[in-house]
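Protein chains: 2
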Amino acid sequence: MRDVAIIGVGITKFGELWDISFRQMMTDAGARAIEDAKIDGKQIDAMYVGNMSAGQLIRQEHISALIADHAGLVPIPSTRVEGACASGGLALRQAVIAVASGIHDFVVAAGIEKMTDVLAEQATGALASAADQEWEVYEGATFPGLYALMARRHMYEFGTTEEQMAMVAVKNHHNACLNPCAQYHMEVTVDSVLNSSPVALPLKMLDCSPITDGAACVILAPAEKARKFNDTPILIAGTGQASDNISLHSRLSLTGLRATSEAAKKAYKMAGVGPNDIDLAEVHDCFTIAEIMAIEDLDFCKKGEGGKVTQEGETAIGGRISVNTSGGLKGKGHPVGATGIAQAVEIVQQLRGEAGKRQVNDAEVGLAHNVGGSGGTAVVHIFRRGD
Amino acid sequence: MRDVAIIGVGITKFGELWDISFRQMMTDAGARAIEDAKIDGKQIDAMYVGNMSAGQLIRQEHISALIADHAGLVPIPSTRVEGACASGGLALRQAVIAVASGIHDFVVAAGIEKMTDVLAEQATGALASAADQEWEVYEGATFPGLYALMARRHMYEFGTTEEQMAMVAVKNHHNACLNPCAQYHMEVTVDSVLNSSPVALPLKMLDCSPITDGAACVILAPAEKARKFNDTPILIAGTGQASDNISLHSRLSLTGLRATSEAAKKAYKMAGVGPNDIDLAEVHDCFTIAEIMAIEDLDFCKKGEGGKVTQEGETAIGGRISVNTSGGLKGKGHPVGATGIAQAVEIVQQLRGEAGKRQVNDAEVGLAHNVGGSGGTAVVHIFRRGD
Numbered sequence: 012m013r014d015v016a017i018i019g020v021g022i023t024k025f026g027e028l029w030d031i032s033f034r035q036m037m038t039d040a041g042a043r044a045i046e047d048a049k050i051d052g053k054q055i056d057a058m059y060v061g062n063m064s065a066g067q068l069i070r071q072e073h074i075s076a077l078i079a080d081h082a083g084l085v086p087i088p089s090t091r092v093e094g095a096c097a098s099g100g101l102a103l104r105q106a107v108i109a110v111a112s113g114i115h116d117f118v119v120a121a122g123i124e125k126m127t128d129v130l131a132e133q134a135t136g137a138l139a140s141a142a143d144q145e146w147e148v149y150e151g152a153t154f155p156g157l158y159a160l161m162a163r164r165h166m167y168e169f170g171t172t173e174e175q176m177a178m179v180a181v182k183n184h185h186n187a188c189l190n191p192c193a194q195y196h197m198e199v200t201v202d203s204v205l206n207s208s209p210v211a212l213p214l215k216m217l218d219c220s221p222i223t224d225g226a227a228c229v230i231l232a233p234a235e236k237a238r239k240f241n242d243t244p245i246l247i248a249g250t251g252q253a254s255d256n257i258s259l260h261s262r263l264s265l266t267g268l269r270a271t272s273e274a275a276k277k278a279y280k281m282a283g284v285g286p287n288d289i290d291l292a293e294v295h296d297c298f299t300i301a302e303i304m305a306i307e308d309l310d311f312c313k314k315g316e317g318g319k320v321t322q323e324g325e326t327a328i329g330g331r332i333s334v335n336t337s338g339g340l341k342g343k344g345h346p347v348g349a350t351g352i353a354q355a356v357e358i359v360q361q362l363r364g365e366a367g368k369r370q371v372n373d374a375e376v377g378l379a380h381n382v383g384g385s386g387g388t389a390v391v392h393i394f395r396r397g398d
Numbered sequence: 012m013r014d015v016a017i018i019g020v021g022i023t024k025f026g027e028l029w030d031i032s033f034r035q036m037m038t039d040a041g042a043r044a045i046e047d048a049k050i051d052g053k054q055i056d057a058m059y060v061g062n063m064s065a066g067q068l069i070r071q072e073h074i075s076a077l078i079a080d081h082a083g084l085v086p087i088p089s090t091r092v093e094g095a096c097a098s099g100g101l102a103l104r105q106a107v108i109a110v111a112s113g114i115h116d117f118v119v120a121a122g123i124e125k126m127t128d129v130l131a132e133q134a135t136g137a138l139a140s141a142a143d144q145e146w147e148v149y150e151g152a153t154f155p156g157l158y159a160l161m162a163r164r165h166m167y168e169f170g171t172t173e174e175q176m177a178m179v180a181v182k183n184h185h186n187a188c189l190n191p192c193a194q195y196h197m198e199v200t201v202d203s204v205l206n207s208s209p210v211a212l213p214l215k216m217l218d219c220s221p222i223t224d225g226a227a228c229v230i231l232a233p234a235e236k237a238r239k240f241n242d243t244p245i246l247i248a249g250t251g252q253a254s255d256n257i258s259l260h261s262r263l264s265l266t267g268l269r270a271t272s273e274a275a276k277k278a279y280k281m282a283g284v285g286p287n288d289i290d291l292a293e294v295h296d297c298f299t300i301a302e303i304m305a306i307e308d309l310d311f312c313k314k315g316e317g318g319k320v321t322q323e324g325e326t327a328i329g330g331r332i333s334v335n336t337s338g339g340l341k342g343k344g345h346p347v348g349a350t351g352i353a354q355a356v357e358i359v360q361q362l363r364g365e366a367g368k369r370q371v372n373d374a375e376v377g378l379a380h381n382v383g384g385s386g387g388t389a390v391v392h393i394f395r396r397g398d
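Sequences listed follow chains A and B, in order.
Numbering of the first sequence is given in the working numbering, commencing with residue 12 and proceeding in unit increments.
Numbering of the second sequence is given in the working numbering, commencing with residue 12 and proceeding in unit increments.
It should be emphasised that the hints constitute simulated quantities derived from the structure, not laboratory data.
Among these hints, one or two may not hold up.
With a straight-line cut-off of 25 Å between C-alpha atoms, the simulated DSS-like cross-links for lysine-lysine are [claimed, not checked]:
1) A:Lys-53 / B:Lys-236
2) B:Lys-313 / B:Lys-280
3) B:Lys-236 / B:Lys-49
4) A:Lys-280 / B:Lys-368
5) B:Lys-53 / A:Lys-276
6) A:Lys-276 / A:Lys-239
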């Protein structure tokens, strides 16, 4: 397998983008990545697009061809990859495998979701279809409900508090204020989180990531060709993916995601690094409790101590390990299919030293962690500055 | 890149399967493939599933995790791939690339669609979402309508007749009668096709492939390990994929699919063979005109002569090149996400000499051709008996 590097990144503003179409949003992010990589569009060999639910949300399947067409990339192979909210991370992984195999050299990994101003009655219905329809959704479970069950159990087993969960939101909203493309430029406090409307207790509105439109794109190349395009290519040193029982009732534990641990194990092994080597991480904080579980499952701290290390500031920018410097799903926004790619964009900008006010000093190794549904899928990538 | 072989195949009956759920259908096909490969399920390293529209049809995205879970394959990586009716072929291609890269050894490529007894108002609405919603579907175009435009132009330019198109249906229904898993065991005649109800003239009901439930599965292995499992491993000698403008109005020609030609060119080159080396082919006959265009675009005959060679029996079983021995989409049925994998199952059974009454004598090289939408995506695979 060949080593693989990222030579260009692009991202749209995240938010309620009512004046820009699905196809234009993706092309905007792509054009920025092409420009960033200083590559000619004609050199692109293939494309993978992560998208969860354009079929339900805008009645458009086959978005791979739609985007290749609108972007002027016909006749390259273009493939949509879906794994609920992990769709972006899975698209990145397919692109990595394609370049590593030698079948393609320059491959686009993109992600997109248009969730506001859509044809479906509401985005929540489409999101629920990431859970098991027969065993969870028909019985009335929603995603806030499923994560609320995990939060309750985490509180019961480890003494995690609602205040600690709120501190995840406070940190990530703060980071989002430093990120020009984030959906929210709005600080929140522990009190405002605790006093926000109940959604599925113990989760309140400000414990939940929002509904977002957005697109993101990275361009991959064989590492040995990357330096022709870029002085600071970012190596994708490890990739790991795993599945788990899709329904909570079948799982061995409610206080962590097995798919995350399994995927991380593979990614760490492939990259030849451990949790202590990671300078910064983008983790899948669809709810505040999800970030607490993620930093435990990724072995950044012991199981049960995720709330405590958050409270102690270890995951703030410049802390022991900077988590969700972009603002995360919570503050930057969560256009589900785009999220996994947007995480890679953030890590690349940080490792290049181009993250502006939210820059982590001397960042050399970064990790991105993307989850599908309530943990039926997880994918972890490890990135390294290619000096 | 490593050479890749198929060591096991499995398929369900195709048809209106109201008494079997989506997840069970997939697991049935998978269990048959596992049994056929004489492999232990624990050895499976990863899975790719082709599916177009479970989100719209049964309100279930994230089917990759659902299936891994139901099949007892957790925690392996499981990924859904979508490219409209080419979803199965694209899943096969990702599996090939994954094994070729060396990241995985034993990989499942599966495909499934549940199109009858579904939640959506009708399957036709979901199928239409493979076309361009803004430029085709909102204006009233349906898939029979789009292919009818291509048929009219083909008749105008090359003198192709409705009788010749009907002969595709006659041949494929005949072949389906020889295939136990086919949806239709019913011969049709040129007259019965010509007199069937108009759908979008010149296409009548019996020019159109049906709405179908079904699942299919193949198991891939590195070629050097294949013989441990199977005396007749089937090599995947070539894979090619291409895109085209998703809307007909943007295309240079209406009488052929550029994506097919481009994908075929790559697959032939990779396999080191040409059209004359192909003994049998499964081609994407979603409508009878589509088979006529396919055999031209795959260079089995000159452009414009697809109708004539069909009329002369060159594509019948035992003809110059046997096309759609399984019955094709027309006679075997077209559960869209499963179709690309079902084509591979047929080619493997033929190359092993296990195709029963529809066996092509001395078949050594086969080709599978899978199309998404009206040709926005095409994928071609070439298979060779691994003697």
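Earlier hints that do not hold, by number: 1, 4 and 6
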